[in-house]
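Fit chain B with the ligand to the given chain A structure using the hints.
Those protein sequence lines, which keep their order, are chains A and B.
Taking my numbering, I'd label the letters of the first sequence as residues 1 to 199.
Taking my numbering, I'd label the letters of the second sequence as residues 1001 to 1093.
The hints are simulated quantities; they were obtained by calculation from the structure and are not laboratory data.
One or more hints might be untrue.
As the list claims (entries may be wrong) - Computed list of chain A residues with no C-beta within reach of chain B, every gap over 10 Å:
no., residue
1, 14
2, 18
3, 19
4, 28
5, 48
6, 52
7, 56
8, 66
9, 107
10, 108
11, 151
12, 163
13, 165
14, 198
Unchecked claim - Not everything, but these chain B residues come out facing chain A in the computed CB check (under 7 Å):
no., residue
15, 1015
16, 1062
17, 1063
Unchecked claim - Beta-carbon label-pair distances, calculated as ranges:
no., chain 1, residue 1, chain 2, residue 2, range
18, B, 1024, A, 25, 56 to 62 Å
19, B, 1026, A, 114, 37 to 43 Å
20, A, 90, B, 1083, 33 to 39 Å
21, B, 1024, A, 6, 21 to 27 Å
22, B, 1050, A, 43, 39 to 45 Å
23, B, 1075, A, 25, 46 to 52 Å
24, A, 189, B, 1031, 56 to 62 Å
25, A, 17, B, 1026, 56 to 62 Å
26, B, 1029, A, 141, 47 to 53 Å
27, B, 1074, A, 19, 51 to 57 Å
28, B, 1075, A, 141, 26 to 32 Å
29, A, 41, B, 1089, 31 to 37 Å
30, B, 1064, A, 97, 50 to 56 Å
31, A, 108, B, 1089, 42 to 48 Å
Here the structure is a predicted model, which is why all the values come from computation and not from measurement.
For glycine and all other residues, C-beta sits at the position ideal for the given N, C-alpha and C.
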Amino acid sequence: MADGLPAQGALAHRRLAACAVEETRDAGVRLTEMPFRVCINMRAQATPEVRTILSQHAGCGLPVQPMESARRGTLGALWLGPEEWLLVSGSDDLRDRLVTAFRGHFVTVTDVSDAYCIVRLAGPAARDVLAKGCGLDTHDSVFPPGKVARSLLAKAEVTLHRTAADVFEIYVARSYADYLWRWLEDAGAEYGVAVVEAA
Amino acid sequence: MLRIPCPFCGPRDESEFAYGGEAHIARPENSWTLSDGDWADYVFMRTNPKGRHAERWRHSHGCGRWFNALRDTATHEIVATYRIGEPTPTGRR
Ligand SMILES: [Zn+2]
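Bound-form chain A, shown alone (with noise of 0.2 Å):
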């Protein structure tokens, strides 16, 4: 990020700190920007080495079966592909480690952090809204929390995080947050649609 400029997430423009509300009772769905996270494409072969190097220096497991993720306080790893994973973290140096714990090795980490928008989409009717844009089966016995899956919502490529029961975290390029932002309202009306402010 350019030294001077004051740090804004991809929904600035929408002024959503004054759409926010406390009271979210009656909605079905919560819609919260989650902006400055840190996060880092890795691509490794999960040798036992890289695992532990990771472990060690990041404090968090690399899952290594499709469509699962790994987390320990602030830091998660999802699995994106064989091979290849999006480590996500509230700490700016995470990238800074990474680089340090891998030289020599055969390690790609690359910082997408500002390649991304997260949306948080939560309450009872998350999984219909989604139903709405997104082939993906998000039923309990196929993606339960910890799951996570790319996809397309609303046409949108989307990395799809389910978090807890009735929590989603989506990342997606920058470049569509406004729209994917306006389809989930739209989406979510019908349900009622809360913006909550990043906790």
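Quick look at chain B with the ligand alone, frame taken from chain A:
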């Protein structure tokens, strides 16, 4: 809309995938020794069957991986999918 079972991710909508043409076409070794006819055969000529066809697909809006599928060109049935490097499964008929 087809449902295609990615060998990594399981069944997904066809819209997540990209088609990659006929599978198991090996680039000829010593290609500089080929005649124009043999080279054209490698580059352009495909089997184009009515029935089972081994073909490449990419899970481009999913895990990003290339894999092979055995598809019936008449019914669009995906008989089987398998990873690159694996042999063509016999599949049911
Ligand atoms: Zn896949």
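Evaluated hints:
no., hint, result
1, 14, "holds (26 Å)"
2, 18, "holds (34 Å)"
3, 19, "holds (31 Å)"
4, 28, "holds (25 Å)"
5, 48, "holds (21 Å)"
6, 52, "holds (24 Å)"
7, 56, "holds (27 Å)"
8, 66, "violated (5 Å)"
9, 107, "holds (17 Å)"
10, 108, "holds (14 Å)"
11, 151, "violated (6 Å)"
12, 163, "holds (19 Å)"
13, 165, "holds (21 Å)"
14, 198, "holds (27 Å)"
15, 1015, "holds (6 Å)"
16, 1062, "holds (5 Å)"
17, 1063, "holds (4 Å)"
18, B/1024 - A/25: 56 to 62 Å, "holds (59 Å)"
19, B/1026 - A/114: 37 to 43 Å, "holds (42 Å)"
20, A/90 - B/1083: 33 to 39 Å, "holds (36 Å)"
21, B/1024 - A/6: 21 to 27 Å, "violated (55 Å)"
22, B/1050 - A/43: 39 to 45 Å, "holds (41 Å)"
23, B/1075 - A/25: 46 to 52 Å, "holds (51 Å)"
24, A/189 - B/1031: 56 to 62 Å, "holds (59 Å)"
25, A/17 - B/1026: 56 to 62 Å, "holds (59 Å)"
26, B/1029 - A/141: 47 to 53 Å, "holds (49 Å)"
27, B/1074 - A/19: 51 to 57 Å, "holds (54 Å)"
28, B/1075 - A/141: 26 to 32 Å, "holds (29 Å)"
29, A/41 - B/1089: 31 to 37 Å, "holds (33 Å)"
30, B/1064 - A/97: 50 to 56 Å, "violated (26 Å)"
31, A/108 - B/1089: 42 to 48 Å, "violated (33 Å)"
In summary, the structure is inconsistent with hints 8, 11, 21, 30 and 31 from the numbered list given earlier, while agreeing with the others.
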